[in-house]
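Participant: Sequence:
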Amino acid sequence: MYPKILKYISAAIFSLLLPSVFHAQEKTDKPTIEDLTQKKAPLFGGVSLSAALVVVIMKSLHSDYSKMEVAAHLNFKEKYFPVFELGYGESDYEGSETGNTYHTGAPYFRIGMDYNFTKKWYTGNRLYLGVRYAFTSFKYDISSQGFSDPVWNAPVPFAYNNLAANSHWGEVVFGIETKIWGIFHLGWNVRYKLRISQSEKEQGVPWYVPGFGKYGSSCLGGTFNIIFDI
Numbered sequence: 001m002y003p004k005i006l007k008y009i010s011a012a013i014f015s016l017l018l019p020s021v022f023h024a025q026e027k028t029d030k031p032t033i034e035d036l037t038q039k040k041a042p043l044f045g046g047v048s049l050s051a052a053l054v055v056v057i058m059k060s061l062h063s064d065y066s067k068m069e070v071a072a073h074l075n076f077k078e079k080y081f082p083v084f085e086l087g088y089g090e091s092d093y094e095g096s097e098t099g100n101t102y103h104t105g106a107p108y109f110r111i112g113m114d115y116n117f118t119k120k121w122y123t124g125n126r127l128y129l130g131v132r133y134a135f136t137s138f139k140y141d142i143s144s145q146g147f148s149d150p151v152w153n154a155p156v157p158f159a160y161n162n163l164a165a166n167s168h169w170g171e172v173v174f175g176i177e178t179k180i181w182g183i184f185h186l187g188w189n190v191r192y193k194l195r196i197s198q199s200e201k202e203q204g205v206p207w208y209v210p211g212f213g214k215y216g217s218s219c220l221g222g223t224f225n226i227i228f229d230i
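Per the working numbering, the very first residue in the sequence shown carries number 1; after that it's consecutive.
Honestly, the hints are just simulated from the structure, not real lab data.
This one's a predicted model, so the numbers in the text were calculated from it and none came from an experiment.
Each statement offered as a hint is correct.
With a straight-line cut-off of 30 Å between C-alpha atoms, the simulated BS3-like cross-links for lysine-lysine are:
1) LYS77 / LYS179
2) LYS214 / LYS139
3) LYS179 / LYS120
4) LYS40 / LYS179
5) LYS139 / LYS201
6) LYS214 / LYS201
7) LYS179 / LYS119
8) LYS39 / LYS119
9) LYS40 / LYS77
10) LYS120 / LYS77
11) LYS179 / LYS39
12) LYS79 / LYS39
13) LYS120 / LYS40
14) LYS79 / LYS119
15) LYS39 / LYS77
16) LYS40 / LYS119
17) LYS179 / LYS79
18) LYS79 / LYS120
19) LYS120 / LYS39
20) LYS40 / LYS79
21) LYS77 / LYS119
Derived DEER-like restraints, expressed as beta-carbon distance ranges:
22) GLY222 / GLY182: 23 to 31 Å
23) PRO42 / MET68: 29 to 37 Å
24) SER199 / THR101: 20 to 28 Å
25) ILE111 / LYS179: 20 to 28 Å
26) ASN162 / LEU129: 36 to 44 Å
27) VAL47 / ASN162: 34 to 42 Å
28) ASN161 / ILE111: 28 to 36 Å
29) LYS214 / ALA41: 37 to 45 Å
30) ASN161 / LYS120: 52 to 60 Å
Don't be surprised by glycine CBs; every beta carbon is placed ideally from N, CA and C.
Please model the entire structure based on the sequences and the hints provided.
Facilitator: Put into structure tokens, the structure is as follows:
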């Protein structure tokens with residue numbers, strides 16, 4: 001009888017102590033803030049893929065131009081992020097006063113580097129500054145209501161299609177990324193774009209340059225991104 005009683009008591013004590021052992025093990029395995037701050041970032045932290053939601057916003061606002069864009073970032077020591085961006089920009093524009101029309105659609109690309117200033121890299125949040133080199137080669141159509149012939153007093157149409165052009169420009173980028181859950185991040189950035197060179201046709205300059213924006217020597221832009229770390 002006594003052995004059976006001792007057996008039941010031992011089983012009861014073991015069942016009471018077992019959760020405490022597992023709880024202590026969990027507390028031991030869970031890294032502390034001090035552990036994380038002393039932990040070094042890996043040399044290669046993987047690849048991030050992102051997609052810009054600018055096209056959705058621009059289409060909803062009935063903008064005269066829009067773009068879609070994807071990017072890939074390499075992660076070195078959670079500080080250095082070489083990046084390649086590929087996009088497609090398009091425009092269908094008609095001047096409200098002049099009646100001039102402009103159309104284009106073409107791909108563009110950017111290459112560059114971001115630097116993450118966030119010291120608490122283990123949080124997954126990033127505050128970065130970067131530079132880009134960008135290029136696009138495209139064709140555009142321009143047309144207008146024309147002008148009146150002074151001799152025959154008749155309208156002379158003005159229309160040119162498939163005018164070829166290319167553009168090189170640089171960008172300075174400031175951005176923020178926030179870790180939402182697991183590998184999923186959201187981020188936004190602003191960009192200052194400065195034209196390096198631009199080919200022009202005597203028939204007329206392009207109103208919009210894919211990836212750059214409205215024609216000019218410089219402009220501001222920005223994107224809102226969804227990002228996945230893989």
